[in-house]
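Number of protein chains: 2
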Amino acid sequence: MASTPLTDFSRLCIHTITTKPWSIEEATDRYAAAGVRGVTVWRQWLDGREIAKVGANLRAAGIEVVSLCRGGFFPSIDAAERQKAVDDNLRAVDEAAALGAPLIVLVCGADPRQPLEESRRQIADGIAATLERAGQANIRLAVEPLHPMYADTRSAINTMAQANDLCDAIDSPLLGVTVDVYHLWWDPHLRSQIERCGRAGRIFSFHVCDWRSPTEDLLNDRGLMGEGCIDVPQIRGWVEDQGFDGFVEVEIFSNRCWAMDQGEFLEKIKEAYLKHA
Amino acid sequence: MASTPLTDFSRLCIHTITTKPWSIEEATDRYAAAGVRGVTVWRQWLDGREIAKVGANLRAAGIEVVSLCRGGFFPSIDAAERQKAVDDNLRAVDEAAALGAPLIVLVCGADPRQPLEESRRQIADGIAATLERAGQANIRLAVEPLHPMYADTRSAINTMAQANDLCDAIDSPLLGVTVDVYHLWWDPHLRSQIERCGRAGRIFSFHVCDWRSPTEDLLNDRGLMGEGCIDVPQIRGWVEDQGFDGFVEVEIFSNRCWAMDQGEFLEKIKEAYLKHA
Chain P
1 MASTPLTDFS
11 RLCIHTITTK
21 PWSIEEATDR
31 YAAAGVRGVT
41 VWRQWLDGRE
51 IAKVGANLRA
61 AGIEVVSLCR
71 GGFFPSIDAA
81 ERQKAVDDNL
91 RAVDEAAALG
101 APLIVLVCGA
111 DPRQPLEESR
121 RQIADGIAAT
131 LERAGQANIR
141 LAVEPLHPMY
151 ADTRSAINTM
161 AQANDLCDAI
171 DSPLLGVTVD
181 VYHLWWDPHL
191 RSQIERCGRA
201 GRIFSFHVCD
211 WRSPTEDLLN
221 DRGLMGEGCI
231 DVPQIRGWVE
241 DQGFDGFVEV
251 EIFSNRCWAM
261 DQGEFLEKIK
271 EAYLKHA
Chain R
278 MASTPLTDFS
288 RLCIHTITTK
298 PWSIEEATDR
308 YAAAGVRGVT
318 VWRQWLDGRE
328 IAKVGANLRA
338 AGIEVVSLCR
348 GGFFPSIDAA
358 ERQKAVDDNL
368 RAVDEAAALG
378 APLIVLVCGA
388 DPRQPLEESR
398 RQIADGIAAT
408 LERAGQANIR
418 LAVEPLHPMY
428 ADTRSAINTM
438 AQANDLCDAI
448 DSPLLGVTVD
458 VYHLWWDPHL
468 RSQIERCGRA
478 GRIFSFHVCD
488 WRSPTEDLLN
498 DRGLMGEGCI
508 DVPQIRGWVE
518 DQGFDGFVEV
528 EIFSNRCWAM
538 DQGEFLEKIK
548 EAYLKHA
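Those sequence lines, one after another, are chains P and R. Quick note on numbering: the working numbering labels position 65 of the first sequence as 65, and the sequence is numbered without any gaps. When you read off a place in the second sequence, starting at 1, and then add 277, the result is the number in the working numbering.
Excised from the complex, chain P in its bound form:
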């Protein structure tokens, strides 16, 4: 089914990293003034802040905290490093609770010094070790499958099928999936695996941007929706066909966009959101 066009900003969420030059205070003011209704907060934006107060300020400005980004990075060949990762994820749960974020996005991690299968086992172990505290705090966790070009160091979970398999194996109502078009658009099984995820009630969040041609940097050359080859409305339609009616989160890492006047960039985001998301 084709998606219904987005006609207002009631579902627009922006990741703080998208407007990287802005502090959380500036982002709060600017997003609110622009009518942005949701935010996903990256943890470094909380450095040195009283986290509960950041959350209160956002809500007072009419902005919902959609998720905290990011937990994960569980695998390592070194057991002490794996324990440090679990500790950090437990801290992320505490931060999410303080902030009032109902969800933590997991960039699961990978260690290039070991086979992907081993990294995947360690990811499952790390999530299992985090779930109890997440449950106590009433925080959900979302596995974000990452593009295969990040399989060396960022995530051994690279397709929706793998994320679904992982969720099946752990089988907790607290664990679901973040669908990010940038990572997944190329996958011929994307639609059927979104449907599988939806049937299990596991589509927890939805991220958008675009894939530019040429892409000149593996990390920081994402495009605004409409600047690339991803059919964002089609994928949004697949997600919404499964009942997802949550925020459409604009997450763009871009040296080019970060170099712009961020107020103008925010207007471009809003325009691209209505036209191409």
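Keep in mind that the hints were calculated from the coordinates and are not lab data. For each residue, glycine too, the CB sits at the ideal point set by N, CA and C.
What follows is a set of in silico ranges between Cβ atoms, one per label pair, in the way DEER data are often shown:
id, chain 1, residue 1, chain 2, residue 2, range
1, P, G263, R, L551, 56 to 64 angstroms
2, P, A80, R, L551, 29 to 37 angstroms
3, P, E50, R, E358, 54 to 62 angstroms
4, R, K552, P, R199, 46 to 54 angstroms
5, R, G325, P, R199, 54 to 62 angstroms
6, P, E50, R, L551, 56 to 64 angstroms
7, R, Q391, P, W258, 25 to 33 angstroms
8, R, G514, P, Q114, 15 to 23 angstroms
9, P, A200, R, P392, 23 to 31 angstroms
10, P, G237, R, Q391, 15 to 23 angstroms
11, R, G514, P, G201, 36 to 44 angstroms
Following the hints, put chain R in place on chain P, whose structure we already have.
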């Protein structure tokens, strides 16, 4: 099954682009002196040459021509461009015949202005339009699935499963697959899809290099075997378990390596081949 270590250079093939600063004449002399027994010739190395003579010189130097690289790039939203692509592939068949290359590697192409499904249909059409002349010339064609980070402009065929599906659909004894570890290492279905390809008798060639962490360029930062996270011997073992006993082709695009003294680089290739391929 684990692969048997490589103990000599009888199966070592190098792509001319791996030692990009060398002309075909210089590569012929240097490869022969180094005991390299196979070459895959990139078409631009034939510019301005009498192709049959290049092939004769290589054979006279004891070097087998393993394949011609590359055909493909079939998709376009523009029908005239698609016809130009077919014409170019027919020329590639003629060049392979003149050179004495039994195989053409296909980088299938993609057009970011249209859905991947449409590019895939056009790839199938383009291959079908090339097969008759390939058969007349006794040249085989190999679909090389490319990493998903190239799905926008270089190939809409991004996994072994897709390459196998495409070969099943066309079903010609002339059409098979090139297994390149760089493009495929991350795929959790790699082993089973190599087995599927092998059962169908379609593993036509095998390319190696490595994935560096961090990879700093989407195109030209491949590593020597052993410099990255790919378990090359494991994948070679899977390919050889299917009866493949052809050349192990070193195909490295690397600004770093191209900037080195190419004679020293060739020695490093030989060392990495024995230790890590």
